[in-house]
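Number of protein chains: 2
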Amino acid sequence: MRRVQIVEVGPRDGLQNEAKVLSIEDKLRFIERLAQAGLKRIEAASFVNPKWVPQMADAQKLYPRLPKREGVRYSALVPNARGMEDALSAGAGEVAVFTAASETFSRKNVNMSIQESFAAIAQVVALAKGKHVAVRGYLSTCFGCPYEGRVDAGRVAELAQRLLALGCFEVSVSDTIGAATPGDVDRVLDAVLARVPAEKVALHFHDTRGMALANVLRALEYDVAVFDSAAGGAGGCPFAPGAAGNVATEDLLFMLAGMGVETGVSLDKVAEASRFLESVVGRQLPSRVLHSPAWSPR
Amino acid sequence: MRRVQIVEVGPRDGLQNEAKVLSIEDKLRFIERLAQAGLKRIEAASFVNPKWVPQMADAQKLYPRLPKREGVRYSALVPNARGMEDALSAGAGEVAVFTAASETFSRKNVNMSIQESFAAIAQVVALAKGKHVAVRGYLSTCFGCPYEGRVDAGRVAELAQRLLALGCFEVSVSDTIGAATPGDVDRVLDAVLARVPAEKVALHFHDTRGMALANVLRALEYDVAVFDSAAGGAGGCPFAPGAAGNVATEDLLFMLAGMGVETGVSLDKVAEASRFLESVVGRQLPSRVLHSPAWSPR
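Here the protein sequences line up with chains U and L, keeping their order.
Start counting the first sequence at 1430; every next residue gets the next number (this note's numbering).
Start counting the second sequence at 1430; every next residue gets the next number (this note's numbering).
These aren't lab readings, by the way, just hints derived from the structure by calculation.
Don't take each hint at face value.
Unchecked claim - Sample of chain U residues with no beta-carbon within 12 Å of chain L, all distances over it, derived:
| no. | residue |
| --- | --- |
| 1 | Lys1449 |
| 2 | Glu1454 |
| 3 | Thr1637 |
Unchecked claim - Facing chain U, a subset of chain L residues (Cβ under 7 Å, in silico):
| no. | residue |
| --- | --- |
| 4 | Pro1611 |
| 5 | Gly1639 |
| 6 | Met1640 |
| 7 | Leu1642 |
| 8 | Phe1683 |
| 9 | Met1684 |
| 10 | Gly1689 |
| 11 | Arg1717 |
| 12 | Trp1724 |
| 13 | Pro1726 |
Note that this is a predicted model, so its numbers are computed, not measured.
Beta carbons are placed, not taken as given, at the ideal position from N, Cα and C, and that holds for glycine.
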């Protein structure tokens, strides 16, 4: 694998789990820095009920102000048709839907069964088609559920295939609680890639147990070439007890650079975005590379 | 790789970099818990000048009191003949010597050139032979030096071979400052394994930049089967600015267990040792698994 695409989810998956709610201006400053770093895919907001996710309450106002840059795609998370209508009226050109590989997690996270969430996704996809809006699919808890424990890889594969069949251009196979080891990556990717092509698969690792980079390394051997990460390692999931943030974009970039894998992203500039974010949220973010002495991995 | 040997370096590499100096009784409690966890190779102390490493000043008294357990080997770090004489008189059955792959680091760390350190090692080996004491060799800064930057892999290979030729039974190829990525593991192991057999190589990763587990994963592909780690991720190096602790034994065990690799070590019991250590040193240790919700990796 000589080139990898990074989907920066800090402004959404990251910020929605920070206690501090950022102003629109600070969100824009953060996102502008991410785009300057060369990140071409940025999940910028979610259009969800502000009662549940107050951090994202200003998505409607934020979206039209996102910095326009050649080749940068902003995605918006939408849980249902109502969120999709909001995202469309805000001008979103790409959205992300989500379901889970664990029934219990689906109910706790969105108060829907997996079957019901697929019905909601079908509505979103129908709305997207008329507007030529691309739809990404997240599949949560693919490597373990905080309520059900281990999740069957065959079930993950089946649901991934269904998301693509429904019209998603890519499915982000997600380790919501950071439970996966490279052994689980083997198990899940063996099943998933038997049903869907690698170029339609992204991986989304939380770093709860420090396994994320090892898991990425293993996934590279399967020719998966799209990875989600968050600047500074911000993030987590309020409905997944103990889940830590996404793998840090800086740490991922450091590893990939050291392996000669191209990303087109500047580690130094992502670190600038993270330091800005730290100054705003008022806490040290978990990225290790961000807080280590400068070192050129190549 | 179906079986991996862990060399627990927490009582030495870990404790020598903790600000809090443990009492002999607490050291023994820590080590007893590590042995109970199934760790068979434990680096228990170093016989160095207490002026430089006050944390190890009681090695002479500690050593005879180490818990005797079937199959458990305790190693002691010795920098020179004087340290070796102290270690022998304390009853050490295995020692570890060290040199560096970087000239500047060697001078800053032990105030000797690499050539001078090999002379010191030869004296240690000579003393060991008469007593049938096994000698392990550490080679520091194999993946980068805080003063010189990148280190030539051919030089690492040459020095690793010299350590073995001198009488070391194993060489621990060390990433003292946690600079390595899997790309560097390829680079260094390609060179080292062209000169020495894999079964005589151990790897020693510090986790400064969060790369250690990915590096272990890559090294497993080369059939390297001995890895150094420290319970809780304690440790570091006072002479390597910014260097963080060793990779945490718990995190390593979690990954290996998830891959079906046997170690014979109980993660839960290592975590008990780490929690005891945390209670004594009064700080949270960096292991991620230690501080995550319980999860069975298999």
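Verification of the supplied hints:
At roughly 22 Å, the least C-beta separation between Lys1449/U and chain L is larger than 12 Å, which holds for a residue marked as non-interface. The non-interface label for Glu1454/U is consistent with chain L: the shortest C-beta to C-beta separation is roughly 31 Å, beyond 12 Å. The beta carbon of Thr1637/U sits about 5 Å from the closest Cβ of chain L, which is not more than 12 Å, so the claim that it is off the interface is violated. Here the hint on Pro1611/L is kept, as its CB sits about 6 Å from the closest CB of chain U, short of 7 Å.
Here the hint on Gly1639/L is kept, as its CB sits about 4 Å from the closest CB of chain U, short of 7 Å. Nearest Cβ of chain U to the Cβ of Met1640/L: about 6 Å, under the 7 Å cut. The hint holds. At its closest, the beta carbon of Leu1642/L sits 4 Å from a beta carbon of chain U; the interface hint therefore holds under the 7 Å criterion. Below 7 Å, beta-carbon pairs count as interface contacts, and Phe1683/L has one with chain U at about 6 Å; its hint therefore holds.
The criterion of a C-beta within 7 Å of any C-beta in chain U is met by Met1684/L, whose closest approach is roughly 5 Å, and the hint holds. For Gly1689/L, the shortest C-beta to C-beta distance to chain U is roughly 6 Å, which falls under 7 Å, so the interface hint holds. Annotation: interface hint on Arg1717/L holds; nearest CB of chain U at approximately 4 Å, less than 7 Å. With its C-beta approaching chain U no nearer than about 5 Å, Trp1724/L sits inside the 7 Å limit, and its interface hint holds.
Evaluation of the Pro1726/L hint against chain U yields a held restraint, the C-beta minimum of about 5 Å falling below 7 Å.
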